[in-house]
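Enquirer: Based on these hints, arrange chain B on the given structure of chain A.
Each protein sequence line maps, in turn, to chains A and B.
128 is the number that the numbering used here gives to position 126 of the first sequence; each next residue is one higher, with no gaps.
116 is the number that the numbering used here gives to position 114 of the second sequence; each next residue is one higher, with no gaps.
Read the hints as simulated data drawn from the structure, not as lab findings.
Glycine included, C-beta positions come from ideal geometry on N, C-alpha and C.
A few chain A residues facing chain B, derived, Cβ under 7 angstroms: (1) 43; (2) 71; (3) 128; (4) 148; (5) 153; (6) 155.
Residues per chain are reported as follows:
2 protein chains.
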Amino acid sequence: MEKVKVIEIKKSVFAENDKDADALRSELKGRGVYLLNLMSSPGSGKTTTLIKTINLIKDKIRVAVMEADIDSDVDAIKIKEATGIQSIQLHTGGMCHLDAEMTRQGLDNVALEGIDLVILENVGNLVCPAEFDTGAVRNAMILSVPEGHDKPLKYPLMFSVCDLVLVNKTDVLPYFDFDMDKCREFVAMRNSKARVIPICAKTGEGVGQFADWLLAEVNNWKNK
Amino acid sequence: MEKVKVIEIKKSVFAENDKDADALRSELKGRGVYLLNLMSSPGSGKTTTLIKTINLIKDKIRVAVMEADIDSDVDAIKIKEATGIQSIQLHTGGMCHLDAEMTRQGLDNVALEGIDLVILENVGNLVCPAEFDTGAVRNAMILSVPEGHDKPLKYPLMFSVCDLVLVNKTDVLPYFDFDMDKCREFVAMRNSKARVIPICAKTGEGVGQFADWLLAEVNNWKNK
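Chain A extracted, bound-state conformation:
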């Protein structure tokens, strides 16, 4: 398998993460780099979704990916092999989330020249990552059908901080008691402005809508 860069990131020494996140956001704006923070449970399909999406947009904008995991580099390698784009692995050393300083440590290892969009695949966890502003322009998350439509009731903060909820694995809807209307209703309870897009990363269904959302986001933000 192809080698990828693996970065061991250290716990932030910054007590005031919000300020640090704002500073990072301004800095990235100055360099024309849009940062998306993508969160989800373990095994919701973040990596497969990214591969499908990046292959739809990589000829229109330049994309790089930072894959955060406690351990292993399988995801960063998968993305590099399947899309050819710049992909690095961040090891969080047991940490359950990324904050702005940890995100900055990752970005320091990305060749940002000419990059329009960096996607940060956060640690698989519906709790802690929601508590830390990474400096991203937007937060997005993936909820997969097998997890159930009740997750916004149990993980309120995650759903309230996300601007976009991708509901993945729609191909297995017939085999699970997942109610898409209830899911939309529960997401809206937490964040009335959040957009919900059902997708199936495996078959590619709906992924075009996520790709369009991303392209529009990056373009609007660049022209602001």
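Expert: The following block gives chain B in isolation, referenced to the frame of chain A:
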């Protein structure tokens, strides 16, 4: 829906969680109460598994359940309605895990007289709960088929602290690229002594094996 007790637990003030966990374990041993700590990702089927299992063992031993969640009390209510046993809800106030002191706060609200087994359903999270000894005799976890067989590679600590891994949702094996042999191999990499039991909580398949494991565990421990 039936009402259940909802306990708002507070963050532990004990710096030395391991000592506190040992103290709780001894105390519970003195009272003849076996505590099992059950962990998993969000949506892996902990509650459904518990309902099926408890209905198989509740005539043999007396069981109580503590359901920990950031928010909502749907799980505690479901268990109470479906099994008739004592079931309380712990709200962690945003906390991503339970430590020994938080577990004790929960146990203070369970009528322990005559109870043989308390099952703690930890917060849905493969990272933080693994870092804190709750005072349980054993840690068990559920990995569900849709999450993928590679999870022991990405969440090493969780798999290394668990004595039992239930692989749930085997009914959907035909629809996912899940390799049970690889799963067993990856689990063994983290903990060579961990037992793996494939189950389907929905259909009940394999749940009897988990029930037998629990009955044997509680009996062996009582006779130690």
